Structures are given as structure tokens and as C-alpha cells.
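Chains as they are written, first to last, in numbering that gives the first Met the number 0: chain F, 0 to 233; chain W, 0 to 233.
Take the hints with a grain of salt, since some may be wrong.
Claimed, not checked - Label pairs and their calculated CB-CB ranges:
| id | chain 1 | residue 1 | chain 2 | residue 2 | range |
| --- | --- | --- | --- | --- | --- |
| 1 | F | PRO49 | W | SER213 | 43 to 49 Å |
| 2 | F | ARG188 | W | ARG26 | 41 to 47 Å |
| 3 | F | LYS163 | W | THR208 | 31 to 37 Å |
| 4 | F | GLY54 | W | GLU53 | 37 to 43 Å |
| 5 | F | LEU159 | W | ARG188 | 23 to 29 Å |
What the hints assert, rightly or not - Just some of the chain F residues that point at chain W, by a computed CB distance under 7 Å:
| id | residue |
| --- | --- |
| 6 | LYS20 |
| 7 | LEU24 |
| 8 | PRO150 |
What the hints contain is simulated information worked out from the structure, not anything from laboratory work. Here the structure is a predicted model, which means the values were calculated and not measured. The beta carbon of each residue, even a glycine, is placed where N, CA and C say it ideally should be.
2 protein chains.
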Amino acid sequence: MTGTLYGLGIGPGDPELITLKALRLLRAVEVIAYPAPEHGDSLARRIVAPHLPEGRTEIAIRMPLVEARFPAQEVYDSAALKLGEHLHAGRDAAVLCEGDPFFYGSFMYLFGRMAENFRVEVVPGVSSLTACAAVLGAPLAARNDVLTVVPAPLPEAELLARLKDCDAAAIIKVGRHLDKVRRVLEDLRLSADARYVEHATMASQRVLTLDQVSEDAAPYFSMILVHRRGEAWR
Amino acid sequence: MTGTLYGLGIGPGDPELITLKALRLLRAVEVIAYPAPEHGDSLARRIVAPHLPEGRTEIAIRMPLVEARFPAQEVYDSAALKLGEHLHAGRDAAVLCEGDPFFYGSFMYLFGRMAENFRVEVVPGVSSLTACAAVLGAPLAARNDVLTVVPAPLPEAELLARLKDCDAAAIIKVGRHLDKVRRVLEDLRLSADARYVEHATMASQRVLTLDQVSEDAAPYFSMILVHRRGEAWR
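In isolation and in its complexed conformation, chain F is listed as follows (with noise of 0.2 Å):
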């Protein structure tokens, strides 16, 4: 019997904000696998380690991260590899996935490695777009309001014309392209309402507005979050 691989949505940082099928499944695995940085601990690791139990053969999978625009491809065939032979061995084994699998998650880039020869079965989890606003106290979007989600390494114009229309808008992976995003909010008119969020639901998340926020300091998982009536319910 192959074994089954699957996408663990662990959520967007508080370990409380697992599931409970994730907790169940971390704990029946044999095997778990999590993205890293090339030197020093996992994120992904860090959120689940007070559910873990011992004895897991652990795989970093660990990534020179520079912009994740540009994942190398060995890692992910690496990665593949040595999960395919544990679960050709009979082993089950688990990726663990910061927020949602399919939201904007590197676990894309082993599902498309490995869906067709094994079975890979998706545990949805709570993406960080959810707890951004839940953090800000702020519906992101209600009635029939329009969402963008919109990657801030996009070109500036083409930033501008996404935005231009949108009722509510999520701009994700900010980081370094803040300069850039505050200056399409402010030719928009929508900087004043924009709240800006990094590390949310973790012990060192921070929610300011635009402009308490210098770009250097803004790491890459951070998000703004905008609705053009101010908020969502009015």
C-alpha cells in the first residue's frame, strides 16, 4: 500500500489556529516535510512544534529565499524524491503549509510534482488573508463587494489599474514593494483607510497604518488591507 501525501494547512501563525483534522493527521504521519530557510529554523516547524510528537522523520525542505518568484526547482525535485520513497514504502507523509496550501502556498510547486503518481489529499486551512482582518477588526469584504488580492511585486501600473476598481483589496507580500504600494494607494485616495499587518495571530504581529510603516523594516509576509468604503459594512 503507496501512502497518501498530504497539504496540512496549519494556519496563519497561533498554534491554536489549527484544526483539528491537521492536529489529527500531524500526529498519524510518519513523515513530515516543511519549507525553510536555507540556514535556521522553520516558520512552518515553529507553528506546529507544541503538537508535535517525537520520533518524526522531519524533511526541510530549505529554500534560498530571495523572492520566492523564483523557487529553485532542484529543491522542490529533491523534496519530491525523497517523499515519493516513503510513500512508496507505505509511509504517509505530510507537508506542512503556512495559512492555506492553495493560497498562494510553495505546495503548489510539490503538487504539481507529485499529484499525478501518488495520492495527495489538501487540508484547507486559515489563510492569513482571514486573519489579517480578523486581527484588524475589520469585515474584508461583505454583501456583494468585489475582492482583489493582488501581489505587490506586480508592475506599478499595473497595480494602479487593479486597484483602481476594487471595492476591498488585499495587497500580499508587501515587503519591499511597500514604497511602491503606498504610492499607488495614495494616487488612489485609499492610503488614509489602508491598515497594514505583518506576523498576524503571531506573538510579534503589528498593525499600523501606512504611514507608521518604513519599507525597510516591512518582511515579506506582511499585508495591507483596504476597502474603498472605509469598512465593509457601511
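On the provided structure of chain F, position chain W as indicated by the hints.
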């Protein structure tokens, strides 16, 4: 001491997709409230039923749900009044929210009435958006995709304009708007790759291509996911 009002995201339908935090609060509060139809059972209450202790005070917020565009304001006024009495008496209360409270959720109507006068905390949940992607086994959005969430009740011309330039889209609240949405997706040559999902992660879950589903059978809580490249990871 005045009590706290929790907006509890309880996930898309599978009782195992509730978070540890929501479960803890569900067991800790003395009062729970949940949306319900004018007659009959509440879906939200059914989702948490396996986890619910005996002896809670329960408030069913019974809504004549013709179309969620026109929420009966007096129903929320009355629920806010009842919840406020419990909070003033020092009792914590939780409002059960299918999916996530701030992702197009009716919780905002209570939030708008109560956030100024009471301590309100929102616990994010797994939204139907990522649950549908998991059920389909296809990434929702990847890399620098722009993801657009579009409510199906919008006029046909606006749907067309919104979906014309999307990379990835989720069309929510499909129900009786299915034929209109199908026309729009055919115009944009997006219908072949589009997938229809209803009741994601519940026992009654169905995943269909657009030619397999008929409008009179589509419930309000149904969604269509589409990606311009067919699959997000290509």
C-alpha cells in the same frame, strides 16, 4: 465585568475543520448564537453539534433568507439586544459563523451593532474559498496571480468586466445566478476549465463541470472557481 462577544469562524462544514481556538471558546462561553432559517435547523449549529456541551443558552438568529442582500435589520437589532443583555450580566457569548466571520459573513451586521459598546474578538476560520480549492484539488492562486472574488448577484455586464482580466477567480453565492455566470464564462472562454462546488467538505458536497449542473439545483452556498491558465501552477 462585562462579557466578551466572540465571532467564531467554525469552518466550511466538516466539523473537523474547526480550529482549536474556536473549539476552546465554544466550550468556554455560556451563550451561543447562530444564524438559522425562519423554520428548521441552523447549518452553523449542525457543524459544531459534535463539539457542543449541554446546557448552553442558545439564541437562534432566525432570518427570512430570500437573498442575503436584504438582511432584516430588526432581526439583528433583536439579536444584538439579547446578546448585549448577556454580556452586561458578565457572560461571554459566541456567534457561530460558517467559514470565516469577516469573509462575506453575516456576522458583520452584529459586529456593526456591538463593536463600539462591547469587547468583540473575531476568531478567523477556514473559509469556503480555500475549502473549495482543497476539494477540487487545484491551487486557487499562485505566484503573482491576481485573485478576484466576485459575488454572482452582480449584474451580467459587471461580472463580465470583473472577470475579463482575472488570473484566478472565485464566483461566490452562485445559486439562481448560475445561468448568468455560465454565459459570462462562455463569453470569456473560461467555462471549460471552470469548476462548480457546492457544500464543500460536507457530506452533501458536489463537484461538477459547468455543463453538469442546472440552475434550479444550485444552492445559495455554491461557488465556481476558474483559472485563466487552466491550472494555477502552470
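Here is how each hint holds up against the structure:
1. F:PRO49 / W:SER213: 43 to 49 Å: At roughly 48 Å between Cβ atoms, W:SER213 and F:PRO49 fall inside 43 to 49 Å, so the hint holds.
2. F:ARG188 / W:ARG26: 41 to 47 Å: holds (46 Å)
3. F:LYS163 / W:THR208: 31 to 37 Å: holds (33 Å)
4. F:GLY54 / W:GLU53: 37 to 43 Å: holds (38 Å)
5. F:LEU159 / W:ARG188: 23 to 29 Å: holds (27 Å)
6. LYS20: holds (4 Å)
7. LEU24: Violated. Min distance 10 Å.
8. PRO150: holds (4 Å)
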